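> Next come the chains, spelled out residue by residue.
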Amino acid sequence: MAQLSYLSPSSVDDAVKALSGASSRALSGGTDLLVQVRSGRAKPDQIVDLKRIPGLIGIRTENGGFVIGSATCGAMLSEHPTLSTVWPGIVEAANLIGSTQIQGRASLAGNLCNASPAADSVPALIAARATCVIAGPAGTREAAVETIVTGPGKTSLAAGEFVVAFKLPPRGLKASDAYLRMIPRTEMDIAIAGAAVSLALDADGVCTSAFVALGAVAPTALLVAEAGQALIGSRLETGALTHMEEAVRAACQPISDKRGTADYRTKIAAVLAQRAAVIAWNRAKEQA
Amino acid sequence: MNKPVKPEDTGAILKVVGTRPIRPDGVEKVTGRAAYGADLHLPGMLIGKIKRSPHAHARIISIDTRKALALPGVKAVMTSADMPDLAAEHYEAGESASNLRDLSANVMARGKVLYHGHAIAAVAATSNAIADQALDLIEIVYETLPHVIDVEEAMAPGAPILHDQMFTAGLGETPTKASNIATKHRLDRGDLAAGFGAADIIVETRYSSAAVHQGYIEPHACVASYAADGQTQVWSSSQGHFVIRGLCAKLLKMRFSDVRVIPAEIGGGFGGKTTVYLEPLALVLSQKSGHPVKMVMTREEVFRATGPTSASVVTVKMGAKLDGTITAAQVDLKFQAGAFAGSPVGAAVMTSLACYDVANFEVTGWDVVTNSPKVAAYRAPGAPNAALGVECAVDELAEKLGIDPMTMREKNAVRNGVRAPYGPVYKNIGYVETLEAIKSHPHMSIPLGPNQGRGIAAGFWFNIGGESTVNVSINEDGTAIVSTGSPDIGGSRASMAMMAAEVLGIGVEQVRPIVADTASIGFSTVTGGSRTTFATGMAVVQAAEKLVADMKRRAAETWGVEIDQVVWQDGAAHCLQAGKAPKGALTLAALAGSAGKTGGPIATVVALNAQGAGPGFGVHVCDVEVDPETGHVTVLRYTAAQDVGKAIHPAYVEGQIQGGVAQGIGWALNEEYVFSTGGIMENAGFLDYRVPVASDLPMIDAVMVEVPNPAHPYGAKGVGEVPIVPPLAALAIAVRHATGVRMHDLPLSPSKIRAAIDAKAG
Amino acid sequence: MSKQRTAAIVNGDPVEFLSDAGQTLLDVLRDELHLTGSKEGCGSGDCGSCSVIVDGRLVCSCLMLAAEVEGCRVQTIEGLSTGSTLHPLQQKFLDHAALQCGFCTPGILMASKALLDANPDPTESEARYWLAGNLCRCTGYDKIIKAVLDAAAELRQDRKSA
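Chains as they are written, first to last, in the numbering used here: chain V, 1 to 288; chain F, 289 to 1050; chain X, 1051 to 1212.
Source of the hints: derived by calculation from the structure; they are not laboratory data.
The reader is advised that the hints may include incorrect statements.
As the list claims (entries may be wrong) - Not the full set, but computed from the structure, chain V residues with beta-carbon under 10 Å of chain X:
hint, residue
1, Gln3
2, Tyr6
3, Gly29
4, Gly30
5, Leu34
6, Arg38
7, Gln46
8, Lys51
9, Val67
10, Thr100
11, Gln229
12, Ile232
What the hints assert, rightly or not - In silico DSS-like pairs for lysine-lysine, Cα to Cα no more than 30 Å straight-line:
hint, chain 1, residue 1, chain 2, residue 2
13, F, Lys355, V, Lys43
14, F, Lys834, F, Lys715
15, F, Lys868, F, Lys885
16, F, Lys576, F, Lys400
17, F, Lys605, F, Lys727
18, X, Lys1196, F, Lys727
19, F, Lys303, F, Lys355
20, X, Lys1053, V, Lys17
21, X, Lys1053, V, Lys51
22, V, Lys167, V, Lys51
23, F, Lys355, X, Lys1053
24, F, Lys727, F, Lys699
25, X, Lys1196, X, Lys1210
26, V, Lys154, V, Lys43
27, F, Lys605, F, Lys871
28, F, Lys465, F, Lys609
29, F, Lys688, F, Lys400
30, V, Lys285, V, Lys43
31, V, Lys167, V, Lys154
32, F, Lys834, F, Lys885
33, X, Lys1053, V, Lys43
34, F, Lys303, X, Lys1196
35, F, Lys834, F, Lys303
36, V, Lys258, F, Lys400
37, V, Lys258, F, Lys1048
38, F, Lys699, F, Lys609
39, V, Lys258, V, Lys285
40, F, Lys609, F, Lys715
On a predicted model such as this, the values are computed, not experimentally measured, just so you know.
For each residue, glycine too, the CB sits at the ideal point set by N, CA and C.
Isolated chain V, as found in the complex:
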């Protein structure tokens, strides 16, 4: 680390310039980056701290939807007065990342751009149809969250690009979401499998839209279109849930590693999706 330098730009433009170097890494919470630098997995020349750029930390609303600064820490998400009422699944997913200490630092952008297949916040953001606002040398662009991660440790971001904010769409009535993950202990573990469900109901509790996304069962988080479709038009009766579970299992392409076997991950993904769907449905029904 003798050659390492640290920069803390206070504007998006300065950050874009600093990140254009091949060996520069963006820093928000640091809970992945510092571990990787210490272990030698990452060897940047320059660490670019994004936290002093105005707007990167904070939650606001815009056009009826939330905009979350990309370096906002997980703890701030749960402290927000209304975010967890509207998007309980996103908040609970983000709050599952690591310990209380990690929550004081870890950001959605870091969790996404670290590009671990098991990242906890990603399935919920995908199911929510969230987008990223990305700044780069060519200006600012917006992209769906599911387009960012292309493989383990790999993103579609070009040199100099970084995520500035996450945008959540406006939320109708009788809509909610949920995220569940399977870990061997009760806390602290990387997910063996994760499932997020976001759905909306009509006045009679019939599902009018549903999105199911899975984590840790493929090289990237998966949006399983057929799984969501299986729920539409139902009140989550057994038949609909069974179809959803079949679609989930069919979509899984997990590996066997020290955290779990492929077979187990597939089975559990379906269990979690079923349970998350029921939770989301019950939450949605409660919405006024």
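Starting from the structure of chain V, add chains F and X where the hints point.
Using the frame of chain V, we list chains F and X on its own:
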């Protein structure tokens, strides 16, 4: 030679022992002032770091350190060439005897590297960063060899051989072909065939567990300072600084008097810090560089290169009559020793049937070397592995016979007068009382819901006595210093002060206990083996008794009476003869203040080898709930009863029980060393080596059963190790009752449980 | 590479220190400021022994670069007591024998303080989940949780009578 000492008869009401005063080192620890091994900073200090083998098994062809030494900021580089060649001398130290040549080769590889992470060279430099760069500049040529880690694979013919000169001992004749089996152990009694012949039901079963690490939160750390005249000082977080001294002196062929080891506070040990990894290297680097050298392991190094305990396979064949009497037991234990011989399989052989009065048994143990880190002692070494197999076998038998598992244990329980499997006749044991404590505990009447199950298991540990030296002195104002050589890992320092205060008849706040370094006090062996409160405590009591006798003499002289006219009570000498003591009783403070007039300072030393340590028994009951779809185990409640003799400081005894239970739960549910096909540990960090976190555990109800050991002045028995013995089986049995499946291979991870449930259903 | 200068407030006192870009807050606390109460148990944010409070947030100091605390208020274990008066959490840990080797204790105390600052009346379960990032290998957590809940009760009582 010691004799059982009875405290001065004060009407047998204890005033201090059995209470819960605040520990004397407590404020230091809650304010962050306590100094652990890595906290020391000396002027001119260098940082030492170790280069480690990237291969699980390889011959060392060449090591070139020239570029590393040439790097600015590097002050010394070493390899095994800088350490003396040793004979294979046996040295009784720590919790297991070491072969010094093996220990030297473990500390720095010689000829071969035997596990991924094996130390092969070391540097001392002016900063961490430079030390890291220097390691990268050391050029090593290896000839890689096939490796073996699984214990049964290592025993199989054709397995890669780690040591060409290892010929299995204990087979009768010495074999001619080298093997990975270092030793075969055997214990037997009676007539096994007849015993099985008499059985109505026989169970044959097999259990296994993976290698698990002690998991102390403080990585190994030391600072060594070697002066030009050969006098050295070592600050080390260890469980026994005298053993550290001895091992360093033996490994480096130094005089013991030239190695002064100063005990830093220690952040957990559990047996794993009774040996050396860094200290000899830090001494050599300090000698070569002329500067003090600090060496601190990273967490990764702790996992890769310090002793876990053995992975093991335990097969049990057990026969019983319809009424539950066990007629025969045959146990076979295969233990992974890591790179050098010395797994705790011998102790496992001795303890495996220790709770059971069985007339016919045969227990065999195999100590097997493997290309994994050399195992180190871990809390009741060997016993938990054995108890997993035996307790589960007993549960299987009970289930087949339709007998309540508690009744099964009572029926076959060892009692006073029974000969233990490993030889001595049990006396003053509290196993039956401990069984009763669980049987009558409210836990047993709590109803269980769906997917919930209850497991009961028992456990045993010998506990040892051993050598301790203690100084007790009375200060001029009547306060006291109790100085021992026993590092405090669980609160023993508090207990030493309490026992001294009890004998002296003063308040515990007037007694300052300290842990003295190797130059300031005579020898004590390790804080381990559950010995400290027993053995060092015995020495403390004897020393305090000697001082009381001395003070009675001084009082008698002062009053001009015979010594039998003086009694010691409530911290003062009282004269029984009327009219002889015009100023009334002579307090400790008064006697101390005038000590110069009655013979000089009031101080004494006791050095003993404590005999008569009493074994301990534990009986645990655990309730779990298993999610049948995910296989996730939740521990709902846990009660651990233990035969503790006498709880000197009940809160610290409870703490030992709770801590041992937590480690056992981790061992049972989630902890394991995972190796890649290349022999590299894949989970060398606390993220994927999963010790229990606060949300994983319920409150742990520790029930202290007091059946005193008369060999100790207050009846204490060792308590630290027993609690880790029953949980492995208790959890496995509870999962059986929650799910209907019997899990045979620990850890009981969710994916294995789900797979077992599916297999049963399918 | 020349070192960088950072100014922060540590335990109420202004400090300035020099550090390499790669040094963590934990490195600087221990090696530059000689506040060795925060411990390194793992260096990867998994054990919590290095826990400190930065601008009111509980964090692992091993996962922050030293330079990141520019202008921040940092609280470490050394700042928990007031002069020689222990914080109720510290006292309750002693009263309940909630420590054995004491290595995890500074981190757990800082985490517990952050818990009670955020939630003065936690349930046992809330306390356990909040403290899940602080590993203890000696105690099995039982007495730690009891001490934390007892301290919470005392602090609530103090607030009522204040």
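> For each hint, tell me whether it holds in the structure or not.
Tested hints:
no.: 1; hint: Gln3; verdict: 6 Å, holds
no.: 2; hint: Tyr6; verdict: 4 Å, holds
no.: 3; hint: Gly29; verdict: 8 Å, holds
no.: 4; hint: Gly30; verdict: 6 Å, holds
no.: 5; hint: Leu34; verdict: 5 Å, holds
no.: 6; hint: Arg38; verdict: 6 Å, holds
no.: 7; hint: Gln46; verdict: 8 Å, holds
no.: 8; hint: Lys51; verdict: 8 Å, holds
no.: 9; hint: Val67; verdict: 22 Å, violated
no.: 10; hint: Thr100; verdict: 5 Å, holds
no.: 11; hint: Gln229; verdict: 36 Å, violated
no.: 12; hint: Ile232; verdict: 35 Å, violated
no.: 13; hint: F:Lys355 with V:Lys43; verdict: 23 Å, holds
no.: 14; hint: F:Lys834 with F:Lys715; verdict: 29 Å, holds
no.: 15; hint: F:Lys868 with F:Lys885; verdict: 19 Å, holds
no.: 16; hint: F:Lys576 with F:Lys400; verdict: 24 Å, holds
no.: 17; hint: F:Lys605 with F:Lys727; verdict: 27 Å, holds
no.: 18; hint: X:Lys1196 with F:Lys727; verdict: 26 Å, holds
no.: 19; hint: F:Lys303 with F:Lys355; verdict: 66 Å, violated
no.: 20; hint: X:Lys1053 with V:Lys17; verdict: 23 Å, holds
no.: 21; hint: X:Lys1053 with V:Lys51; verdict: 21 Å, holds
no.: 22; hint: V:Lys167 with V:Lys51; verdict: 18 Å, holds
no.: 23; hint: F:Lys355 with X:Lys1053; verdict: 26 Å, holds
no.: 24; hint: F:Lys727 with F:Lys699; verdict: 14 Å, holds
no.: 25; hint: X:Lys1196 with X:Lys1210; verdict: 21 Å, holds
no.: 26; hint: V:Lys154 with V:Lys43; verdict: 16 Å, holds
no.: 27; hint: F:Lys605 with F:Lys871; verdict: 74 Å, violated
no.: 28; hint: F:Lys465 with F:Lys609; verdict: 43 Å, violated
no.: 29; hint: F:Lys688 with F:Lys400; verdict: 51 Å, violated
no.: 30; hint: V:Lys285 with V:Lys43; verdict: 49 Å, violated
no.: 31; hint: V:Lys167 with V:Lys154; verdict: 22 Å, holds
no.: 32; hint: F:Lys834 with F:Lys885; verdict: 19 Å, holds
no.: 33; hint: X:Lys1053 with V:Lys43; verdict: 19 Å, holds
no.: 34; hint: F:Lys303 with X:Lys1196; verdict: 26 Å, holds
no.: 35; hint: F:Lys834 with F:Lys303; verdict: 20 Å, holds
no.: 36; hint: V:Lys258 with F:Lys400; verdict: 29 Å, holds
no.: 37; hint: V:Lys258 with F:Lys1048; verdict: 24 Å, holds
no.: 38; hint: F:Lys699 with F:Lys609; verdict: 11 Å, holds
no.: 39; hint: V:Lys258 with V:Lys285; verdict: 39 Å, violated
no.: 40; hint: F:Lys609 with F:Lys715; verdict: 27 Å, holds
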